[in-house]
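**Q** For the record, the sequence lines run as chains F and Z.
The first sequence begins at 1 in the working numbering and counts up one residue at a time.
The second sequence begins at 293 in the working numbering and counts up one residue at a time.
For the record, the hints were derived by calculation from the structure and aren't laboratory data.
Just so you know, even glycine gets a beta-carbon here, dropped at the ideal spot from N, CA and C.
Don't take every hint at face value.
[Stated by the list, open to error] Computed footprint of chain Z on chain F; a stretch qualifies when at least three of its residues, placed anywhere within it, have a C-beta under 8 Å from a C-beta of chain Z: (1) 69-80; (2) 99-113.
[Stated by the list, open to error] If you anchor each label on the Cβ, the simulated ranges turn out as follows: (3) F:HIS188 - Z:LEU398: 39 to 47 Å; (4) F:GLN210 - Z:LEU398: 41 to 49 Å; (5) Z:SER457 - F:GLY247: 53 to 61 Å; (6) Z:VAL462 - F:HIS188: 33 to 41 Å; (7) Z:TYR476 - F:GLY117: 51 to 59 Å.
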Amino acid sequence: MNAIEVHNLYHQYNGRILYADLNFSIPEGTICGLLGKNGQGKTTLVNILMGFLKPTSGQCLVLGEDSHDLSPVVRSRIGLLHEGHLAYEFMTISQTEKFYRGCYVNWDPEIFFHLIGKMGLPHDQKVATLSCGQRSQVVLGVIMAQNPDLLILDDYSMGLDVGYRRLFLDVLHDFAALGGKTILVTSHILQDLEQLVETMIFLDSGGIMQIGLDDFMSSFHKYVFHNAKELKLLKDDVVSGFEQRGGQSTLYSFCDLGQVQRHLISLGVHAEKLSKVEMTLEDGFIGLMGKY
Amino acid sequence: MLYSLLFKEWLKLKRYFAAVLLLNCGICLEIFFNIRQQMYAEHAEMVWYQAIHIHSLLYQDIRYVPLFTGLVLATAQFVPEMMGRRFRLSLHLPVSRSLMLFFSLLSGVMLYLIICGSTSLCIYLTLQKYFPIEVAQSSLSTMVSWVLAGLIAYFGCASVLLEQSWPRRVFLLLVFVTLVKMLYAGFGYGWLAPALPALVLLAPLAMFSVFDSARRFQDKGV
Chain F
1 MNAIEVHNLY HQYNGRILYA DLNFSIPEGT ICGLLGKNGQ GKTTLVNILM
51 GFLKPTSGQC LVLGEDSHDL SPVVRSRIGL LHEGHLAYEF MTISQTEKFY
101 RGCYVNWDPE IFFHLIGKMG LPHDQKVATL SCGQRSQVVL GVIMAQNPDL
151 LILDDYSMGL DVGYRRLFLD VLHDFAALGG KTILVTSHIL QDLEQLVETM
201 IFLDSGGIMQ IGLDDFMSSF HKYVFHNAKE LKLLKDDVVS GFEQRGGQST
251 LYSFCDLGQV QRHLISLGVH AEKLSKVEMT LEDGFIGLMG KY
Chain Z
293 MLYSLLFKEW LKLKRYFAAV LLLNCGICLE IFFNIRQQMY AEHAEMVWYQ
343 AIHIHSLLYQ DIRYVPLFTG LVLATAQFVP EMMGRRFRLS LHLPVSRSLM
393 LFFSLLSGVM LYLIICGSTS LCIYLTLQKY FPIEVAQSSL STMVSWVLAG
443 LIAYFGCASV LLEQSWPRRV FLLLVFVTLV KMLYAGFGYG WLAPALPALV
493 LLAPLAMFSV FDSARRFQDK GV
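Produce the complete structure using the sequences and hints provided.
**A** Okay, here's the thing in structure tokens:
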């Protein structure tokens with residue numbers, strides 16, 4: 001069964017079409033990363049899935065219900081992390097726990113206080129006075145103590161230093177290890193996602209590409225070669241992305257080395273020392289989506 | 293769940309509630325001392341003439357305080373929800389949007405009524421001390437229209453704060469300002485008394501405007 005299903009999603013904002021006909025699904029028990037450059041509609045899509053925005057047309061099902069009309073029971077099964085680690089800043093840590101304890105039947109205070117305990121903060125400290133990283137732990141504690149079946153995390157890494165990011169990832173890994181949990185996550189820190197996600201959805205110009213992380217990393221390749229001339233290679237069936245820095249050119253492609261070599265020759269490009277090199281997810285993202 | 297919702301609203305409101313309650317008490321005390329001073333300094337006939345014959349309200353200073361109280365309580369409740377669009381946190385709670393909002397408004401209205409009820413009682417007791425009971429009773433019917441104006445202002449302020457579209461905000465503002473002005477249009481004792489039963493029944497309907505703003509917030513939550 002799918003935790004999230006999007007059918008024929010069409011949405012426009014201020015006359016600009018963000019999605020023309022978006023279709024994808026995220027099976028239950030998987031961890032999916034939603035990737036895209038700024039302005040491609042990631043947050044808008046997350047807002048639609050979270051039920052805070054009504055799409056122009058199309059259907060979004062979250063745990064089997066229309067995302068814009070989720071029943072309280074289904075909402076209790078979804079943990080949401082809003083961009084900027086949104087929390088009630090007028091509450092103290094213990095008031096936050098007391099408030100949410102009364103809202104969720106499956107609330108586990110031990111999980112909440114375990115995460116808070118890692119920071120050694122007094123429980124009567126106001127959320128407004130916490131640093132971004134500390135606030136992220138409070139928000140994470142709130143979400144985890146709900147014991148949700150589906151997590152939707154909108155840019156969890158925003159404003160976090162490496163320590164808090166790692167802490168966040170550790171908790172997400174432990175959560176995923178419980179089994180049957182679905183996570184949809186967006187982040188600009190791709191090396192984090194590389195350690196976490198199983199599938200990825202690339203969002204670009206209103207279209208998407210959904211692919212498994214392992215499939216992507218094994219089928220998408222990064223090639224480098226030397227060429228003294230200034231080159232401009234446009235996207236085609238072989239070239240997915242191209243960049244040149246100094247005398248070194250980098251080409252991204254789903255094709256193997258032989259195909260790329262033949263293609264470059266056919267284009268009249270002298271590719272000296274053409275070779276396949278190791279690629280990170282961030283490289284792959286740039287290769288597929290471009291820099292800007 | 294309901295306890296949690298009321299708890300959250302109390303956390304937002306408690307300081308502002310205490311502040312406006314103090315303000316109301318302060319003005320009630322001022323009115324009490326003013327009337328007492330007048331009774332000592334002037335002839336009783338003069339005070340009677342002013343109060344009864346020329347309808348000079350001796351508790352005029354409290355006139356706009358319920359309005360201020362309503363605006364302060366609505367601001368205290370809904371500005372924190374709008375900052376960073378935190379209202380999304382409330383909308384995701386496992387409770388229906390209408391019920392969540394109803395209890396938010398209920399907590400604000402209850403505190404508002406506690407303040408206005410206390411104030412009205414203070415004014416009533418003050419007048420009862422120096423005037424016949426009929427004068428004290430007429431203060432209640434006079435102040436109900438001001439209390440209703442404050443209630444309408446409370447709902448209006450909540451509605452405008454939750455509203456996302458500027459043209460609608462301006463429209464709501466115009467509607468609510470007109471309603472409030474209407475309730476403040478007259479002077480003298482109980483000038484709106486004949487219409488009060490109907491107005492008391494109609495005023496809570498302004499709550500639906502808040503529900504509609506919340507619905508639009510969710511529909512256009514970019």
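**Q** What are the numbers of the hints the structure violates, in ascending order?
**A** none
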